[in-house]
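Engineer: Per the UniProt record's numbering, residue 1 is the first one in the sequence shown, and the count goes up by one each step.
Possibly wrong hints are sitting among the right ones.
Claimed, not checked - Label-pair ranges, simulated between beta-carbon atoms:
{"no.": "1", "residue 1": "Leu200", "residue 2": "Lys254", "range": "32 to 42 Å"}
{"no.": "2", "residue 1": "Ser296", "residue 2": "Arg664", "range": "50 to 60 Å"}
{"no.": "3", "residue 1": "Leu200", "residue 2": "Ser44", "range": "21 to 31 Å"}
{"no.": "4", "residue 1": "Ser296", "residue 2": "Leu207", "range": "42 to 52 Å"}
{"no.": "5", "residue 1": "Glu177", "residue 2": "Ser44", "range": "19 to 29 Å"}
{"no.": "6", "residue 1": "Arg595", "residue 2": "Arg333", "range": "50 to 60 Å"}
{"no.": "7", "residue 1": "Asn193", "residue 2": "Ser321", "range": "16 to 26 Å"}
{"no.": "8", "residue 1": "Ser135", "residue 2": "Arg212", "range": "33 to 43 Å"}
{"no.": "9", "residue 1": "Lys254", "residue 2": "Ser321", "range": "29 to 39 Å"}
What the hints assert, rightly or not - Computed list of lysine-lysine pairs in PhoX-like fashion (alpha-carbon distance at most 25 Å, straight line):
{"no.": "10", "residue 1": "Lys270", "residue 2": "Lys211"}
{"no.": "11", "residue 1": "Lys115", "residue 2": "Lys136"}
{"no.": "12", "residue 1": "Lys173", "residue 2": "Lys115"}
{"no.": "13", "residue 1": "Lys305", "residue 2": "Lys328"}
{"no.": "14", "residue 1": "Lys310", "residue 2": "Lys346"}
{"no.": "15", "residue 1": "Lys298", "residue 2": "Lys328"}
{"no.": "16", "residue 1": "Lys290", "residue 2": "Lys305"}
{"no.": "17", "residue 1": "Lys165", "residue 2": "Lys115"}
{"no.": "18", "residue 1": "Lys310", "residue 2": "Lys254"}
{"no.": "19", "residue 1": "Lys211", "residue 2": "Lys165"}
{"no.": "20", "residue 1": "Lys162", "residue 2": "Lys115"}
{"no.": "21", "residue 1": "Lys31", "residue 2": "Lys139"}
{"no.": "22", "residue 1": "Lys173", "residue 2": "Lys211"}
{"no.": "23", "residue 1": "Lys31", "residue 2": "Lys136"}
{"no.": "24", "residue 1": "Lys270", "residue 2": "Lys328"}
{"no.": "25", "residue 1": "Lys162", "residue 2": "Lys211"}
{"no.": "26", "residue 1": "Lys298", "residue 2": "Lys310"}
{"no.": "27", "residue 1": "Lys328", "residue 2": "Lys346"}
{"no.": "28", "residue 1": "Lys254", "residue 2": "Lys139"}
{"no.": "29", "residue 1": "Lys270", "residue 2": "Lys310"}
{"no.": "30", "residue 1": "Lys305", "residue 2": "Lys254"}
{"no.": "31", "residue 1": "Lys682", "residue 2": "Lys662"}
{"no.": "32", "residue 1": "Lys254", "residue 2": "Lys162"}
{"no.": "33", "residue 1": "Lys346", "residue 2": "Lys298"}
{"no.": "34", "residue 1": "Lys136", "residue 2": "Lys165"}
{"no.": "35", "residue 1": "Lys254", "residue 2": "Lys290"}
{"no.": "36", "residue 1": "Lys270", "residue 2": "Lys298"}
{"no.": "37", "residue 1": "Lys270", "residue 2": "Lys290"}
{"no.": "38", "residue 1": "Lys162", "residue 2": "Lys31"}
{"no.": "39", "residue 1": "Lys290", "residue 2": "Lys346"}
{"no.": "40", "residue 1": "Lys211", "residue 2": "Lys115"}
No lab work stands behind these hints: they were computed from the structure.
We put the CB at the ideal spot given by N, CA and C, even for glycine.
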Amino acid sequence: MDSHRSAMRDLIEAIAQCRDCNSQGRHAKEKGCHIRQCARAVRSSDPAEMRLVADQPCLCGYSWPRCTSSTHMEALDRLADVQLQDEQWISAIATAMGMIRLDPTHAAGYCRVAKVMRALDGAARRATEVGGSESKAQKSINLLTTYTGVQQPAQLRSLEIKFIKAGLREVEKRRVENGAQGASSLGRPNTINHARVLQLMAHRYGLPAAKRDPTRLLPLELVQHIFSFLSFAARICCLRVNRNWYRIMMATSKLWTQVELIATRPTSDKIFLSFLNRHPEIQTFIYDFKLPSNLSAKRLSAVVKLPSLKRLLLRSRVMYSNPELPSKLDLPRTCHLTQLRLVAFKYAKKFPGPILELASGTLEVLQLLRVEGTLFEDDEIHPMPRLRKLAITGASLAEADLHRTPDCVTTIAPIARATPNLEEFLINGLCSVRVGPWMPEVNGRWKSLRIITIGEGLRFDTRGPRSLAPRCFPPPTNSMEKIDIMSTDPLVAHNYLFTVNLEEGPAHPSFNGGPAFPDGAGPAMPNLHTFRCRAAIAPPLLQRVLELPAGADNLRVLELAIIPTPSPRGNRRYWHPPVQPAGIGRPDQVLSWLRCEHLEHIGLHDFNFLEDRSSLVGPKFDGSPFTNWIDSNFPSVHSVAVYPGDQPDVERYIFSLIMHPKVRIIWQESLHGVNLEYCHTKSQELGVDLRIWPKNRPSGPDFLVPEDHMDSFLSSCVW
Numbered sequence: 001m002d003s004h005r006s007a008m009r010d011l012i013e014a015i016a017q018c019r020d021c022n023s024q025g026r027h028a029k030e031k032g033c034h035i036r037q038c039a040r041a042v043r044s045s046d047p048a049e050m051r052l053v054a055d056q057p058c059l060c061g062y063s064w065p066r067c068t069s070s071t072h073m074e075a076l077d078r079l080a081d082v083q084l085q086d087e088q089w090i091s092a093i094a095t096a097m098g099m100i101r102l103d104p105t106h107a108a109g110y111c112r113v114a115k116v117m118r119a120l121d122g123a124a125r126r127a128t129e130v131g132g133s134e135s136k137a138q139k140s141i142n143l144l145t146t147y148t149g150v151q152q153p154a155q156l157r158s159l160e161i162k163f164i165k166a167g168l169r170e171v172e173k174r175r176v177e178n179g180a181q182g183a184s185s186l187g188r189p190n191t192i193n194h195a196r197v198l199q200l201m202a203h204r205y206g207l208p209a210a211k212r213d214p215t216r217l218l219p220l221e222l223v224q225h226i227f228s229f230l231s232f233a234a235r236i237c238c239l240r241v242n243r244n245w246y247r248i249m250m251a252t253s254k255l256w257t258q259v260e261l262i263a264t265r266p267t268s269d270k271i272f273l274s275f276l277n278r279h280p281e282i283q284t285f286i287y288d289f290k291l292p293s294n295l296s297a298k299r300l301s302a303v304v305k306l307p308s309l310k311r312l313l314l315r316s317r318v319m320y321s322n323p324e325l326p327s328k329l330d331l332p333r334t335c336h337l338t339q340l341r342l343v344a345f346k347y348a349k350k351f352p353g354p355i356l357e358l359a360s361g362t363l364e365v366l367q368l369l370r371v372e373g374t375l376f377e378d379d380e381i382h383p384m385p386r387l388r389k390l391a392i393t394g395a396s397l398a399e400a401d402l403h404r405t406p407d408c409v410t411t412i413a414p415i416a417r418a419t420p421n422l423e424e425f426l427i428n429g430l431c432s433v434r435v436g437p438w439m440p441e442v443n444g445r446w447k448s449l450r451i452i453t454i455g456e457g458l459r460f461d462t463r464g465p466r467s468l469a470p471r472c473f474p475p476p477t478n479s480m481e482k483i484d485i486m487s488t489d490p491l492v493a494h495n496y497l498f499t500v501n502l503e504e505g506p507a508h509p510s511f512n513g514g515p516a517f518p519d520g521a522g523p524a525m526p527n528l529h530t531f532r533c534r535a536a537i538a539p540p541l542l543q544r545v546l547e548l549p550a551g552a553d554n555l556r557v558l559e560l561a562i563i564p565t566p567s568p569r570g571n572r573r574y575w576h577p578p579v580q581p582a583g584i585g586r587p588d589q590v591l592s593w594l595r596c597e598h599l600e601h602i603g604l605h606d607f608n609f610l611e612d613r614s615s616l617v618g619p620k621f622d623g624s625p626f627t628n629w630i631d632s633n634f635p636s637v638h639s640v641a642v643y644p645g646d647q648p649d650v651e652r653y654i655f656s657l658i659m660h661p662k663v664r665i666i667w668q669e670s671l672h673g674v675n676l677e678y679c680h681t682k683s684q685e686l687g688v689d690l691r692i693w694p695k696n697r698p699s700g701p702d703f704l705v706p707e708d709h710m711d712s713f714l715s716s717c718v719w
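Based on the sequences and whatever the hints tell you, model everything.
Structural biologist: This is the structure:
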């Protein structure tokens, strides 16, 4: 009891210190005039009456404070709560009505009045059941009936309902007036949403205001259109609102064309299969599961049997392995699957062979991400003439070093034979490409290939001590538009770019002595607009690749490596050929022939042009040849990628790029701590976008717009 009184004194003193209040002192101890005036306004059912009472002084002449501070409202709410715990019923109701006068459009005052009146009624009922003399609660009820003008104590429940209705009316009016500001003025986190509490109170008493259903007022077409903007999880929640919502949503077939299910615990096949049977119109099925039992042969067969299925995405949160799955599948004779994505699957000898065989005639996009095991043996892959996009990724290098993840082993030759019309190819992560004897059947394949991306984790699994591995990729053609080679291994870059078709087999040019191509046998890619290569390539060979697109002024993105660096796979005890190109040198001198008026993005990896690095004083890094090259050869460049590697004093050079008048975007990962904060502040002043971007991911603009929604988030899965 004493603690309650002490808390009330502290709260009253804190409330009295509010500077925005337009009154001084406190209301008289007699609360009847205040309660009588507020009760009369609520019983009148006039929407403007409560606001009029809040603007007027009390019947006794006391001027009630008006304040919009959330702290003032919270303090009054806590004071009323302490008075309620101390069983000061009349004082608690008077304080709650003071909250309404403080801000008649706030839901907190109406909530507190309803809570106190309900608690008072419950205390009086309990005292009546016990029996004995008249209790304190019963005396407060009798006094409250006198103040409010209610003829019988039982009618106090109707007065409580009127306060709830008035609160809902004022909150709705404020929501309409303020729009996006919301119904509650308590903008702090962790505060009670009093408008929601009022709705729950109205629902408990069965008030019509709590049963308002917009689906009964709006046209059916508009309701269905609104539901179509909700996420799949929100639609599932809407099914449980009432029967009318359930009926409308289940009858709207376009709401179920894309389904996203998440399974993190064991579930029965009966619920899963019944859901699929009710929605045969599913076109896109996305299934995110955790346990191997969440994807059984019965479930996968039911998904593939959906008559309208076109896109299938299966994502396992742990590596999925079920060798018996292919033999238990009950697949239909035909399907119309055009896009397939499998994430975190350990590929057995015959999986995903059955699904690929079934959809081989219609499949256009195939994405196999974070895979383990041997993929696409010679006798596994079926011809897929309509396949346009193929992505194969293993585990990331960081994940492999942490968990010793095995490679995804694949062979390019059977893929090239089965996909003659491929347009985009990506291979990334911990992947090994088997390279065996020369396979002439890959000649002339992938004539329509436009985009190829080779990640930093790719290695060649050769079968002999050769200085250069035989070619495993089909040679680039004049249809190429984008080449991203993020591997620092020169063998990977040279194997794809500079192995040419000859009658006697593949031929490789020398690395430092210039090209050894016969006439017309070298790569010709006039439509190339993006070229990124993190492996150092000799300038004469670069000229064979870039001279034609640069001369046609088609090149838009260019990233090169200056100094050869070790491959990140070199410490994994694999055979690696002794390929050591000399590097490029000063680009403003060696690559002076490379000019492109409309080049927008340029980047360099692993460079330091300082001639004397043994000096203990003076600068340790020189990037001025790069800047001179940009100024003299590329007038339209506004985006620069700077990845010099493990070099000192890089901060000064990046700061000079920030001050450069042409540079608007900088991609880097060298700045840290105080240097990053200082450069970031300076870049904001000059309008330069300074970005922290890992070097193993392609930087700069992307001129290719994804054609479907499954491609729109492909980059987030593969890098």
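Engineer: Are there hints from earlier that the structure breaks, and if so, what are their numbers?
Structural biologist: Going through the list in order, the structure violates hints 7, 10, 28, 32, 34, 35 and respects the others.
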